[in-house]
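J.: This is what each chain is made of:
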Amino acid sequence: MLYEKATKVLYIDLATGKIEIKQRTDLAIYLGGVGLASKLLDETMRQELPPLAPEQPMVLAIGAISGIYPLITKTVAMFISPLTGELGESYAGGRLALALSMAGYDAIVIRGKASRPSYIAIDGGNVEIKDARPIWGMDSDVVGQFLRDSEEGSGKRSILRIGPAGEKMVKFASVCVDTYRHFGRLGLGALMGSKLVKAITVTGDKTTEIKNFKEYFRAYQTIFKSVTETDLMAKYHDLGTSINVESISALGALPTKNLTANHFDNAEQISGEAFAEENLVRKLACTGCPVGCIHIGQFRRKFDDGYDYESVSVAYDYELIYSLGALLGISKTDEVLQLIEAVEKTGMDAISAGVALAWATESLIQGIVTEAETLLPLSYGNTENYYQAILYLSARKNAFYQALGEGTRFAGAKFGGEGFALQVAGNEIPGYHTGYANLVGLTVGARHSHLCNAGYAVDQSLKTFDENKAVNTLFDEELERCLLNSLVICLFARKLYTRETVLKALNATGYLLTDDELTTIAKRIYSMKLRLKEKLGFDPRQVELPQRFFKTPSMNGLLESSIVERMINRYAEKCSELLAEKI
Amino acid sequence: MKVLRAIEMNRCIGCFSCMITCAAVNQQDHSIMKSAIRIKTSGGLTGKFIAIVCQACKDDVPCAEACPTGALVKRQAGGVLLDKEKCVGCERCVAACTVDAIYFDLDTKRPIVCKHCGVCARFCPHGCLRLLEEGQ
Numbered sequence: 002m003l004y005e006k007a008t009k010v011l012y013i014d015l016a017t018g019k020i021e022i023k024q025r026t027d028l029a030i031y032l033g034g035v036g037l038a039s040k041l042l043d044e045t046m047r048q049e050l051p052p053l054a055p056e057q058p059m060v061l062a063i064g065a066i067s068g069i070y071p072l073i074t075k076t077v078a079m080f081i082s083p084l085t086g087e088l089g090e091s092y093a094g095g096r097l098a099l100a101l102s103m104a105g106y107d108a109i110v111i112r113g114k115a116s117r118p119s120y121i122a123i124d125g126g127n128v129e130i131k132d133a134r135p136i137w138g139m140d141s142d143v144v145g146q147f148l149r150d151s152e153e154g155s156g157k158r159s160i161l162r163i164g165p166a167g168e169k170m171v172k173f174a175s176v177c178v179d180t181y182r183h184f185g186r187l188g189l190g191a192l193m194g195s196k197l198v199k200a201i202t203v204t205g206d207k208t209t210e211i212k213n214f215k216e217y218f219r220a221y222q223t224i225f226k227s228v229t230e231t232d233l234m235a236k237y238h239d240l241g242t243s244i245n246v247e248s249i250s251a252l253g254a255l256p257t258k259n260l261t262a263n264h265f266d267n268a269e270q271i272s273g274e275a276f277a278e279e280n281l282v283r284k285l286a287c288t289g290c291p292v293g294c295i296h297i298g299q300f301r302r303k304f305d306d307g308y309d310y311e312s313v314s315v316a317y318d319y320e321l322i323y324s325l326g327a328l329l330g331i332s333k334t335d336e337v338l339q340l341i342e343a344v345e346k347t348g349m350d351a352i353s354a355g356v357a358l359a360w361a362t363e364s365l366i367q368g369i370v371t372e373a374e375t376l377l378p379l380s381y382g383n384t385e386n387y388y389q390a391i392l393y394l395s396a397r398k399n400a401f402y403q404a405l406g407e408g409t410r411f412a413g414a415k416f417g418g419e420g421f422a423l424q425v426a427g428n429e430i431p432g433y434h435t436g437y438a439n440l441v442g443l444t445v446g447a448r449h450s451h452l453c454n455a456g457y458a459v460d461q462s463l464k465t466f467d468e469n470k471a472v473n474t475l476f477d478e479e480l481e482r483c484l485l486n487s488l489v490i491c492l493f494a495r496k497l498y499t500r501e502t503v504l505k506a507l508n509a510t511g512y513l514l515t516d517d518e519l520t521t522i523a524k525r526i527y528s529m530k531l532r533l534k535e536k537l538g539f540d541p542r543q544v545e546l547p548q549r550f551f552k553t554p555s556m557n558g559l560l561e562s563s564i565v566e567r568m569i570n571r572y573a574e575k576c577s578e579l580l581a582e583k584i
Numbered sequence: 270m271k272v273l274r275a276i277e278m279n280r281c282i283g284c285f286s287c288m289i290t291c292a293a294v295n296q297q298d299h300s301i302m303k304s305a306i307r308i309k310t311s312g313g314l315t316g317k318f319i320a321i322v323c324q325a326c327k328d329d330v331p332c333a334e335a336c337p338t339g340a341l342v343k344r345q346a347g348g349v350l351l352d353k354e355k356c357v358g359c360e361r362c363v364a365a366c367t368v369d370a371i372y373f374d375l376d377t378k379r380p381i382v383c384k385h386c387g388v389c390a391r392f393c394p395h396g397c398l399r400l401l402e403e404g405q
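Quick note, the sequences are listed as chains A and B, same order. Under the numbering used here, the first residue of the first sequence carries the number 2, and numbering increases by one thereafter. Under the numbering used here, the first residue of the second sequence carries the number 270, and numbering increases by one thereafter.
Since the hints were made in silico from the structure, they are not lab data. Glycine is no exception: its CB is placed at the ideal position from the N, C-alpha and C atoms. Among the hints, erroneous ones may be present.
[To be verified] Beta-carbon label-pair distances, calculated as ranges:
no., chain 1, residue 1, chain 2, residue 2, range
1, B, K309, A, N508, 33 to 41 Å
2, A, G511, B, E402, 23 to 31 Å
3, A, K583, B, R379, 50 to 58 Å
4, A, L492, B, R379, 47 to 55 Å
5, A, G511, B, D328, 44 to 52 Å
[Claimed, not checked] Partial chain A-side listing against chain B, Cβ under 7 Å, derived:
no., residue
6, K212
7, F214
8, A251
9, L252
10, T288
11, P291
12, G293
Please model the entire structure based on the sequences and the hints provided.
T.: Shown next as structure tokens:
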């Protein structure tokens, strides 16, 4: 914890009910966050067992200076992904980082499987495994409503929960954190479901005296001002990430209708501006972040004759508008929000769910599967059917939805149609078809996400494309993000938290590290993650990329698989070089 | 002389910057437990935010009336200032405040009372909190 030498780790064994708190002095070299969580995963995972074996751990961690500077607001989860079978890494905002620091823990390791549906209530040193039988089966939002009343700590508490999809172990089930944020990607919800853990509540009342007020507050003010008084964060607050919908489409980089097209003719109708004008009702922030990027959109739905309406509010972002909008050919903001609501309440990753349904739609069109299997005449633009299909998917309604719930890669391999299953290494793709750096970035990135190394940004910034330069940039970016993620800084603030700022923030709170030491820490963490991936059998050179990526032009034209291969090989060499370094 | 007012809470994004800076500046602590202002939700995050903070009672000041040692001294513009020397930590002020805006510091055994310094308003990114002239 802050100002202390020891790292405080809470170990929960659901099988035996044993709760253990360890003060460890050997973990400071990982700084915290992703470094700490990787180390704890390495110590506790069982590589020889399947991802959902009861023994497998679920690790949550915060960073050294979580919650005391603007935008250092995230919590990292590390696990073996049930979706890809290798490294699972996911981040959530909300109130969790603050709640964990007030509960007094740097990290939590949860192992075993409960004997009956349970939830874990953490209130400082008091940790209880409670009966969740009455709330098992509930939608994600309703669970939150119940636990808010039954657990203490209003205002300084975080509530994590899964929906029905997590219970059914849909491999891309998500964990909802504080209503509007999620551990979305790579299936943490399925892991919780496999342990029969419906929810986790975290609160505490720990206080921490500031050691050097002047220095700390000077650093705080400088960072706060650069957040609120410069334009570094403006787009995230103003229209939010959805500002990119129209521009990415115009560039020819927006996967549309299962990436049969690279732009959406109706992009304007589901643009950030359209959402803001028609649906935006408020903005919210994660605790400790003055930006407020969480955009809440509202729509009303008629549910009976006459004037009977219900209103629904959900958070929207670029990725969701891509996966539950353009990718499914939906061109009304209300309808996109409706599908977001469906994935919210059932508790699934919005990107994966959208990609899975887009694959199902094309499979139906191509006759690879029949309506007897999909149970619905899925077609691009038909929201009503997609809404129902999301419910079927989360409930694993029949053999078809059972297979689709194993992930798009699995379904593609089972039914045929791998060539248009939009996944990389088992993870469904985010909303960019920008070019080589994106595709290579998704393949080599630790979690096969745009957030690993921002390949999509590299494609947009390299004026004349240079393979080696792109590979180097991807590698350097992934390495630097290991450092940012060890502090668990929101990656929206990556341009704000330069090395200089990171050092200022750390130094003002007693972490007397140098720039070189930060580089060493970043390398140590990246090496650890690469070794974890190796142990779990991952080799980027073995990834088979679906043909669709090479048949639909990217914003930079048609991609050649030989170039992608070369770049992946070059990247793998760089990883080997890093692993050979003595750190 | 000025008083703190939570005037535009509809615009609150729940960032807690007010609490973080109040606790830091006034109590030299990183924990929001030490803040004299608290932001709460009603009915979860889908509900509205409310700022629980000293309402700057002026003539009739329940917390000052309840204080048996005269440790809470009325401010001219409203609200009170705490005289730590006189306070015995009896918590009667905490119970007396109708809006529950006096917090009890379990470390120091003294109440945490807003002194209307306005640091929270300075760090409020949406102008929900303002330091206003009395009667403004």
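J.: Starting from the range 33 to 41 Å, see whether the pair K309/B and N508/A falls in it by beta-carbon distance.
T.: Hint holds: Cβ distance 34 Å, inside 33 to 41 Å.
J.: Can A251/A be said to touch chain B, with a Cβ gap under 7 Å?
T.: Violated. Min distance 30 Å.
J.: Have a go at the K212/A hint: is there a Cβ in chain B nearer than 7 Å to its own Cβ?
T.: violated, 9 Å
J.: Hint P291/A vs chain B: min CB-CB distance below 7 Å?
T.: holds, 4 Å
J.: Does the closest beta carbon of chain B sit nearer than 7 Å to the beta carbon of G293/A?
T.: Cβ of G293/A sits 4 Å from chain B, so the hint holds.
J.: Taking the closest Cβ pair, is T288/A under 7 Å from chain B?
T.: holds, 5 Å
J.: Holds or violated: 44 to 52 Å for the Cβ distance of G511/A and D328/B?
T.: holds, 47 Å
J.: The hint names F214/A as touching chain B; please verify it with the least Cβ-Cβ distance against 7 Å.
T.: holds, 5 Å
J.: The hint says 23 to 31 Å between G511/A and E402/B; measuring C-beta to C-beta, is that right?
T.: violated, 40 Å
J.: Does 47 to 55 Å hold as the CB distance between L492/A and R379/B, or does it fail?
T.: violated, 41 Å
J.: Does 50 to 58 Å hold as the CB distance between K583/A and R379/B, or does it fail?
T.: Check passed, 54 Å falls within 50 to 58 Å.
J.: Is the shortest C-beta separation between L252/A and chain B less than 7 Å?
T.: Hint on L252/A: violated, closest Cβ of chain B at ~31 Å, above 7 Å.
Taken one by one, the earlier hints fail for this structure at numbers 2, 4, 6, 8 and 9, listed in ascending order.
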